[in-house]
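2 protein chains.
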Amino acid sequence: MTIQKQIVITGAGLVGSLLAIMLSKRGFKVSVYERRPDMRKERMSAGRSINLALSDRGWKAIRRVGIEEEIRKVAIPMYGRMIHDIKGDTAFYNYGEKDQAIYSVSRGGLNCVLMDLAEKHGAEIFFNERVEDIDLKNAVLTTENTSTKAKTLIQAERIFGADGGFAASRLQLQLKTDRFNYSQSYLDAGYKELTIPAADAGGFRMEKNALHIWPRGQYMLIALPNMDGSFTCTLFFPFEGVPSFASLDTKEKMLRFFNDTFPDAVSLMPDLATLYFENPTSSLVTVRCFPWAFKDKLLLIGDAAHAIVPFFGQGMNCGFEDCTVLDDLMNEEKDWNRIFSKFEHSRKPDADAIAELAVQNFIEMRDLVSKPEFILRKKIESRFHSRYPEKWLPLYSMVTFSEKSYAEALKEGKRQDCVMEKVMSIPGIETKWDSEEVEKIMLEGAERM
Amino acid sequence: MTIQKQIVITGAGLVGSLLAIMLSKRGFKVSVYERRPDMRKERMSAGRSINLALSDRGWKAIRRVGIEEEIRKVAIPMYGRMIHDIKGDTAFYNYGEKDQAIYSVSRGGLNCVLMDLAEKHGAEIFFNERVEDIDLKNAVLTTENTSTKAKTLIQAERIFGADGGFAASRLQLQLKTDRFNYSQSYLDAGYKELTIPAADAGGFRMEKNALHIWPRGQYMLIALPNMDGSFTCTLFFPFEGVPSFASLDTKEKMLRFFNDTFPDAVSLMPDLATLYFENPTSSLVTVRCFPWAFKDKLLLIGDAAHAIVPFFGQGMNCGFEDCTVLDDLMNEEKDWNRIFSKFEHSRKPDADAIAELAVQNFIEMRDLVSKPEFILRKKIESRFHSRYPEKWLPLYSMVTFSEKSYAEALKEGKRQDCVMEKVMSIPGIETKWDSEEVEKIMLEGAERM
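Protein chains in written order, with this note's numbering: chain A, 45 to 493; chain B, 45 to 493.
Chain A extracted, bound-state conformation (with noise of 0.2 Å):
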């Protein structure tokens, strides 16, 4: 049993890693508290999702931690979505401009470099300690060894929560709060990993800088690229109905549906009947919560606070655009409720815009990709986009490649529909869609944003 002053983080993941960088860095004793074992000596997957993509607001923590250089060399760039029929053929749009990309990183890699880091700054990381408690008022956590079963009594000065989308912190503050405004809303579909494995001499066996979608309507399989040649693919999939995870229940019905559905991706995927069984089945969820903070004494950070779905890509970009957002804010105040205050009255906006968009974008990558209608829309605002820069920027540009904070992006994203829908509902716009006319509508309509 230790009793001793200092910041508390309660999670070492991405989030709690990169914060425990940032507090050492100036000058504060940190100590974290993270309940799984030491992934950098331990072989284990770090959660289930083993390559995430990582984009401009991701970078900008990383730059300002000064490990661009080294997470450049592990990270991957996918330039576009590269789309995959039913017949097997593919076509691939850019994401943004032509050197824009998202860059698929190995979330385990990633995760140990920051935890390195921190070390290195001073940062003191416990293991296999899972929180059993957490007293609010007085900042006292009380943790359990998940092997020794040993209790210890931290006194902390304050607690950042960055332990998850299930996190015990933010039960704390749901079982001893009044005015705790809290949900979690599952979707009807989940999701199984399975993997393309890397071609014999190590290369890539479908394009490496692109992230691959096999959009099918109600559910779509994705791939991103590992460093080692591998693809990582997910299946979104419903739980119930058919077809669903519950309807493949056996090895030969779930091999005649991607035979059918995913040939060319099957043909590139010789474990697929072993890892469809012995993978499990996960869940998509999406967390509300507010307050994040109780006094100065703990702020909830990171998906402990937003946990949303992956479909736009920005769950670990959110949680370190969080860090950044808090690291400002440092400068400005010294108070820390004030510091807290402001933290979460002005990302809360930004958690729920992103959290909406992300449930949105599921819609898009499943189905609207492979209509034409949509991939028109996009050819018209991406040339509208290029006469204009300062006029119009996509929806997906503002999320991924610029600093535009999601509130806005959303609010604009909706003005954007707007005008959208105007131009796409022009007679004949499949052949007039760079004309003078066309143009005309959208800088009315921009004018208007």
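Calculated directly from the structure, the hints in this document are not laboratory data. Computed from a prediction, not measured in an experiment: that's the story for all the values here. Just to be clear, a hint being listed does not mean it is correct.
Copies of the same chain look alike in the list, so a pair counts if it fits in one copy or across any two.
Claimed, not checked - Computed cross-link-like contacts, DMTMM-like style, restricted to lysine to aspartate or glutamate with a CA-CA straight-line distance of at most 25 Å:
id, residue 1, residue 2
1, Lys339, Asp293
2, Lys142, Asp129
3, Lys484, Glu417
4, Lys423, Glu452
Position chain B relative to chain A; hints supplied.
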């Protein structure tokens, strides 16, 4: 430590006790575990709300267990709303037909009658037993005695979670099952109970057979009569802002505000200052979740499944209707998986509907009831209803004096809103509200419903 097969109910509140009667009458061995002491032995308030408004759905369940006559004797009919304006002038508006009323009953008194009857039918109630854990798969409950700290393991055949808005049983579903959708959402307003004592001779110091309302826009005071001649008053008031619980922080400020705002009520409340500062300020929450059942092992019922705000006076009535619906299903079905599944699927839309209606009714009660346009609308609806009772039942009556499902009532209420919007926008409606023109529009509107 006892191990015995039986039906377990968590919570001996209104719904838990009523359900214990219904199940015991069917021959089940029923054990009820209640966190609080036996209110029949110890002097205590059963929760913070001292009286409740019983209406038709509640009476139906009470009739079914054979205690209607007993409860009628201690229930005070309230035939309508008595609106108190800022000068202290009053106006009375019937809730429905002349003989229709909602009934003020003592929450504690009713609960005691229900517990007595449950025990008479063979149910056992264990007090001071806090639910600590539920092994959902095996329906094993662990309780801790709040005095002795002794733990008890109870092997149940199945468990009914009737432990209210902050149910420990529901928390087990949140913590231990995947894809449990859950939200707890608070209003910005809270409430505080105050008292108007009986007159010296034991009489009532205001009209006995009315629900009194002092509507003031963003907040209100209400009063319900008690059998001893007193009224229980409740101030519904914002937590923050001006005026609010936070802003009225001295006796002087509070009294000045009350004297300005509720002058006629103040004159009847000799203990106002003491009660205002001694009584707790409570929050107002809506809880939604789904599923309510875990296989055939656990079923949430009443507030544990759907806590609502009190503004439609339907919390208890809805919980009692849950019991009636479950009782009917036990006649139809023998398989408990089917009973639980049918229950949750049939009741969920109704629970969501009454939750929405209850929040809406706060605005009606605190603000609209004093507006001439609202009063005129009610008069028009009432006239049309009396001429064409089969074509139009006002929303309040559908919810309070009918067996129509809450979901249907909500839907029909919205359709009525559309018709009435048209009616109320007729120029000069104040003078021709009982004209043929108005009746024609309403007949047409009613036809399309």
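Now for the hints, and whether the structure bears them out:
1. Taking the shortest alpha-carbon separations for Lys339 and Asp293, only the inter-copy value of 20 Å comes in at or below 25 Å, while the best intra-copy value is 50 Å.
2. Only within a single protomer do Lys142 and Asp129 lie at most 25 Å apart by alpha-carbon distance; the minimum there is 24 Å, versus 68 Å between protomers.
3. Proximity of Lys484 and Glu417 under a CA criterion of 25 Å is satisfied intra-copy only: 20 Å inside one chain copy versus 47 Å between copies.
4. With identical chains, the CA atoms of Lys423 and Glu452 are at most 25 Å apart within one copy only, with a shortest distance of 23 Å there and 46 Å across copies.
The structure meets every hint from the earlier list without exception.
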